[in-house]
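Asker: One-letter residues, chain by chain:
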Amino acid sequence: MNAHDAAGQTNTAHAHTGHQEQALLEIRNFQVELITDAGIVRAVDSVSFSIHRGETVTIIGESGSGKSTTAMGILRLLPEDLAVISGSVLIDGADVIAEPKAIDKVRGKTLALIPQDPMTALSPVHSIGSQLSEAIRIAGAASKEKDAVRARAIRLLEQVHIPTPDKQLKKYPHQLSGGMLQRVLIAIALASEPQLLVADEPTSALDVTVQGGILDLLLELQEQRGIGILMITHDLGVARLISDRIHVMKDGSFVESGEVQQIVEHPATQYTRSLLAAVPVLGPWDETPAVPAGDTASSEDPGVRKNDDGDSTADGDGTAGGDATAVGRPAVGRPAVDTTTTAPGAAPLTRTGVRHD
Amino acid sequence: MTNYILKRLGQGLLTVFLTVSTVFILIRLAPGDPAVSYAGPLATTEQLAKVREQFGLDRPVLEQYWIFLQQLFTGNLGTSYSFQAPAMQVVAERMPYTLTLATASILLTAVVAIPLGVWMSRRPDTNRELGVNVLTIAGQSMPDFWTGIMLLTGFAVLIPLFPASGFATWGGLVLPTVTIAILQIALISRMVRREMTANFAAPFLTVARSRGVRNSVLTWRYAMGNSAIPVFTALGTRFAAMLNGVVVVEVVFAWPGVGSLIVRALETRDYPLIQATVLLTALLAVAVQLVIDLAYPLLDPRVRLGKAATA
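Chains B and F supply the protein sequences, listed in that same order. Position 210, counted from 1, in the first sequence is what this note's numbering calls 298; the numbers after and before it change by one each time, with no gaps. Position 239, counted from 1, in the second sequence is what this note's numbering calls 614; the numbers after and before it change by one each time, with no gaps.
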């Protein structure tokens with residue numbers, strides 16, 4: 089069980105869709121060494137994986153496992169005097185490790201980051217509109233005229249389902265909630281119509297009620313545009329919901345990699361099992377659903393929680409013969425994305441984990 | 376907003392009133408007799424008594440204070456003993472010189488210290504940064520009278536580039552300005568570096584970098600934009616302090632400003648002149664502080680729009 093297997097599966101998966109294309113992100117023996125007072129620490133140790141168009145690959149692990157360091161290292165956002173990166177990182181074919189300048193050509197163009205904490209991710213003294221317009225200009229919009237940029241900014245905010253976008257442009261980050269700011273940041277990320285999104289725990293700083301809406305939005309955008317997503321999370325609920333493949337990270341290296349269903353149902357290592365067992369179980373949730381169960385997904389509403397016992401159970405053990413993608417991440421026309429990321433899915437997942445002990 | 380301005384204005388006037396009142400009492404508590412200074416060491420007791428009577432110093436202190444208050448509200452603080460002219464007029468004539476020196480100094484400070492601080496923040500732990508760092512510590516540590524004398528010796532005496540004293544030509548402005556600015560540049564540039572370093576480590580800067588924002592824009596728009604408030608405040612506060620007269624530097628360079636005037640007024644116990652100087656400089660300092668307060672909302676939307684997060 090290693091990354092090469094996963095890559096092999098990807099290739100076959102894409103072979104039957106008809107075109108063998110270049111990976112959006114191809115990472116081989118990626119390594120990050122941090123220079124600390126106590127000496128050199130290898131935070132990421134020889135990690136390899138790849139992401140193709142329309143795929144979501146998740147790196148999951150506990151804090152300090154090196155998952156965020158991996159993401160930041162790929163984007164070359166680690167301080168250069170404190171972090172030494174090596175290996176090869178091909179972003180849309182360009183090796184940003186061998187050719188550091190290449191990162192300038194992909195940042196804000198083919199590649200975009202969705203940060204961990206939306207509350208601190210925008211400059212507090214600049215308006216939403218000015219930061220969004222800046223991203224549009226960097227992306228190389230067809231027209232740099234003020235009106236055209238503004239129109240595009242409004243369109244982007246509409247795409248991330250922000251109400252009254254023309255009014256929001258004038259606002260400053262402190263005037264918006266965390267969920268709204270994350271939508272703004274996604275709009276900023278989309279300004280360049282990127283092919284690859286790196287989402288570094290995009291929901292962990294948000295309310296549980298808002299998390300689902302953000303994940304829904306990411307899935308919706310992925311369906312519309314075929315964006316590849318690298319998702320960093322410690323939350324198995326999130327991983328199960330949106331991933332095609334999962335890499336389980338511990339102490340800087342992948343201890344387990346594979347399709348979502350396989351990892352959840354047949355965890356190969358004790359570490360993965362403990363991650364599965366760590367998903368909290370919220371008992372009363374199942375008995376008193378906040379929103380009546382229903383299959384009609386309303387991905388527009390960020391706050392809607394869907395609690396569907398049948399759906400959750402199916403995730404756990406009901407689709408043995410089905411396509412893996414359909415389980416972990418409902419494909420186009422998916423009936424209901426379980427928008428509560430931790431709670432409702434938790435019980436069956438935990439059961440699964442226990443059963444395979 | 377109007378309420379805010381009125382409130383700040385009221386506070387400012389109260390500050391000025393308390394300041395002049397305190398000074399009124401302190402100078403009368405301090406040793407020394409204006410009459411002796413005025414009439415000279417050879418004056419007889421009768422002559423001294425006459426001078427005291429003429430200046431109104433023979434009356435009880437409370438009565439003197441009452442007269443002072445009346446003068447305060449009419450804006451006429453009496454006649455300077457040594458200049459034999461209205462005290463306010465004497466100070467007002469000196470004020471432009473101090474204003475010129477203070478403005479030149481603060482401009483030079485801003486123009487040098489901000490880029491210097493930014494430069495240091497972008498090259499942490501390099502040898503050149505270390506060198507500049509040591510220089511700023513030296514600049515902070517040198518007393519201004521010493522810096523002034525060294526500059527005088529160097530650039531007015533040994534290499535006579537600039538006049539040694541006074542303000543006859545614009546060249547006369549150079550040495551006193553540089554003397555004041557050296558200390559201020561050292562202080563402000565270190566502060567700019569500290570603020571910039573903090574903002575370079577802020578998440579919003581990393582996120583902006585991730586969307587391809589150029590380094591120069593990250594530095595000036597993002598890091599500097601977020602450092603502007605403390606830096607602006609520091610510059611404004613230092614400017615206000617300089618308006619009270621940069622006493623030592625004005626004396627070293629015989630600068631005809633308020634600083635050298637107050638030294639002379641204190642030496643001669645010229646009460647009306649001391650009070651007029653304190654009144655005018657305190658008013659100016661309060662006005663500058665008010666301008667700084669009013670500029671906050673322009674620099675920071677969080678002040679302008681209030682904390683209205685809907686989370």
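Hints may be right or wrong, so weigh each one.
Stated by the list, open to error - Within a straight-line C-alpha distance of at most 20 Å, the following computed SDA-like cross-link-like pairs (lysine to any residue) qualify:
#, chain 1, residue 1, chain 2, residue 2
1, B, K197, B, S174
2, F, K425, F, F448
3, B, K197, F, R589
4, B, K338, B, N117
5, B, K193, F, N590
6, B, K255, F, L680
7, B, K197, F, V592
8, B, K197, B, G142
9, B, K232, B, I242
10, B, K232, F, L673
11, B, K258, F, R677
12, B, K189, F, R679
13, B, K189, B, F118
14, B, K255, F, L593
15, B, K189, B, G228
16, B, K259, F, G600
17, B, K193, F, R589
18, B, K189, F, N590
19, B, K259, B, S218
20, B, K258, F, L680
21, B, K189, F, R589
22, B, K197, F, N590
23, B, K258, F, R679
24, B, K197, B, D180
25, F, K382, F, G681
26, F, K382, F, F399
27, B, K258, B, E281
28, B, K189, B, S176
29, B, K255, F, P676
30, B, K193, F, A543
31, B, K259, F, L673
32, B, K258, F, R589
33, B, K255, F, R679
Stated by the list, open to error - Simulated restraints, written as ranges between beta carbons of each label pair:
#, chain 1, residue 1, chain 2, residue 2, range
34, F, S591, B, E311, 22 to 32 Å
35, B, K258, F, Y671, 16 to 26 Å
36, F, R569, B, K189, 28 to 38 Å
Everything labelled a hint here was simulated from the structure, so no lab data went into it. Predicted, not measured: the structure shown is a model, and the values here were computed from it. Quick reminder that beta carbons are idealized off the backbone N, C-alpha and C, glycines included.
Asker: Given the hint that K382/F pairs with G681/F, does the C-alpha gap stay at or below 20 Å?
Answerer: It holds: about 18 Å lies between the C-alpha atoms, which stays within 20 Å.
Asker: Take the C-alpha atoms of K258/B and L680/F, compute the straight-line distance between them, and say whether it is at most 20 Å.
Answerer: Given pair K258/B, L680/F holds - Cα atoms ~11 Å apart, limit 20 Å.
Asker: Take a quick look at whether K259/B and G600/F sit within 20 Å of each other, Cα to Cα.
Answerer: Answer holds: K259/B to G600/F is near 17 Å, not above 20 Å.
Asker: K259/B and L673/F were given as a pair; does the straight-line alpha-carbon distance stay at or below 20 Å?
Answerer: With a Cα-Cα distance of about 15 Å, the restraint between K259/B and L673/F holds, given a limit of 20 Å.
Asker: Using the Cβ atoms, figure out if R569/F sits within 28 to 38 Å of K189/B.
Answerer: 31 Å, holds
Asker: Do the alpha carbons of K258/B and R589/F lie within 20 Å of each other, as the hint requires?
Answerer: Violated, because 23 Å separates the two Cα atoms, which is more than 20 Å.
Asker: Check the hint pairing K193/B with R589/F against an upper bound of 20 Å on the C-alpha distance.
Answerer: This hinted pair holds, its Cα atoms lying about 11 Å apart.
Asker: Please work out if K189/B and R589/F have their alpha carbons no farther apart than 20 Å.
Answerer: Distance of about 12 Å is within 20 Å: holds.
Asker: Measure nothing beyond the straight line between the CA atoms of K197/B and S174/B; if it is 20 Å or shorter, mark the hint as holding.
Answerer: 23 Å, violated
Asker: Does the structure keep K197/B and V592/F at a Cα separation of 20 Å or less?
Answerer: 17 Å, holds
Asker: Tell me if the straight-line CA distance from K255/B to P676/F falls inside 20 Å.
Answerer: 16 Å, holds
Asker: Is the straight-line distance between the alpha-carbon of K255/B and that of L680/F 20 Å or less?
Answerer: Cα-Cα ~15 Å, so holds.
Hint compliance for this structure: hints 1, 2, 10, 12, 14, 26, 27, 30, 32 and 34 are broken, all remaining hints hold.
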